[in-house]
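Chemist: Input sequences plus hints: build the corresponding full structure.
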Amino acid sequence: MLGVTLSASTGQPVSAPQDAFTLVRQALAALEVSPPNIDVAAERVIAAQFARNTRGVNIPRVREAQQALEDEDPAAAAAYLMEALRPSEAGPAGLDRTLLVPVVPRFVATPSAYGWLAAAALLMAAGGLIVRP
Amino acid sequence: MMGASRWTRLWAAVDARLVLRNFLYEVPAYANTLPYLLGAITLAGIVILLGTGILLGQFYAPDPGLANQSIRSIMTQVPAGEVVRGVHVWAAHLTVIVLLLHVVRVYATGAYRFPREANWTVGVALLATMLALFFTGTVLRWDQEGIEALEHNIAFAALLGIFGGWFSPAFSSHVPLLTRLYMAHVSLLPLVLFILLVAHVYLVRQHGISARLTPAGPEAARYTFAQHLKRAAGYGCVMLGLSVALSVLLPVGEGPAPVPGIEVTKPAWLFLPLYGLENLFGVRGFWGAAIFFVWLVAVPVVDRDRAPGWRGRRRALGAGAAVLAVVIALGMYAWLRQPVAHLH
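Residue numbers (this note's numbering), protein chains in the order written: chain A, 1 to 133; chain B, 1 to 344.
Please keep in mind that the hints were generated in silico from the structure rather than gathered at the bench.
Beta carbons: idealized from backbone N, C-alpha and C, even for Gly.
Among the clues, some could well be false.
Covered, in the sense of this in silico footprint (three residues per stretch, anywhere, with C-beta under 8 Å from a C-beta of chain B), are these stretches of chain A [what the hints assert, rightly or not]:
# : stretch
1 : 26-32
2 : 37-44
3 : 99-105
4 : 110-120
Modeler: Next comes the structure, spelled out in structure tokens:
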């Protein structure tokens, strides 16, 4: 087994995480995939409550997240875990919490979007004309 | 008439300096059909990727603490940034698809046989370089999938022993691997790609376009290489238009800032067969990908069948179909399964 762990802030290898902050973030990551990986999230949430270093983490919120996971409600669990990461505390909790939320853009019917689609249609039409023997 | 003569004089003046008439050599009519244009369309895709990549490079911060935020900024604060990034991502997918179809066409028609063995090898190196560009691009996203790809990169480097040194974080303790992979993505790999492309095109020019397997009928139409390029440019326009449309209709998102020490994502479709091998054999599954590339390089050596037409391709096509079936089966297996932890 080749265990490799990187620091997300420096990109360099670090020892296996034991701090609750990283474990909660791992649980969040497990809940943000589709479908949510509840088993992995629950494992990390339990480990976070027993971690020696709980700096930057609201442990009662983590317990609520665990309860939500037991109720098989990953969305509620993710919300509790987000709240569990206390903002503006010293140490690893200095992470911008907006970065923990995925950006999932969808098509919005705006004039700009239609402009781009018109440009795309023109390009394809021009390509079709050029390709024509 | 005056206009035409003015154009003629202008063409003569330009041609005298740039010797463009060298592009007017004749190519067979079948070379202007879609299957024989796939290589040139791949080149058009690379041009799109280069252009959009240069634009993105102005706003991307290749630092582990900033990369995810910089991509969000590209999407929300840079004018047209979301579309440019979407075009870059979608064009990468489309280019790789066209490239793989090109490889299948060359393999199926036996175009790697004498005297084109060297060019086939250059083509395999080009394929590997394009996959490396795709892989490093995935890492640069610096979301959960990105960091997990990077962790696999490090694990594979460990498998390679001293040959994997460059790919490991220990190679340069004060420069993050993400930064070095960014360097590889924007300079080292494009340089390798350019050199290989020059060699590939040079060898195509020297050997000519490979003959068809079936005897051609009387060909009334005559085509020049300039017309071949023109059609490829046309398909390039179609690819660009398609990429723009996809980037608007199916915009590319960005995952949360990554956290190390967990594997909960699966790679892009392109790497699913390798992921399937990892599901079966752990990190050692990487050797399966290495064996695949060794097989590709060995194809012209192994295939000694010189019988004309499709009859002479039966064994090679059977072997190719078997390999393709295994690759697709591995990809489907990985796609249908939940993400599996291979490293932790």
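Chemist: If a hint holds in the structure, say so; if it does not, say that too.
Modeler: Hints, one by one, checked against the model:
Residue count for the stretch 26-32 of chain A with a Cβ under 8 Å from a Cβ of chain B: 5. That meets the three needed, and the coverage hint holds. Check on the stretch 37-44 of chain A: 3 of its residues sit with their Cβ under 8 Å from a Cβ of chain B, so the three-residue criterion for coverage holds. Using a Cβ-Cβ cut-off of 8 Å, 7 residues of the stretch 99-105 of chain A lie near chain B, which meets the minimum of three, so the contact claim holds. Counting residues of the stretch 110-120 of chain A whose CB lies closer than 8 Å to any CB of chain B gives 5, so the stated coverage by that chain holds, three being the minimum.
Against the hints set out earlier in the document, no violation occurs for any number.
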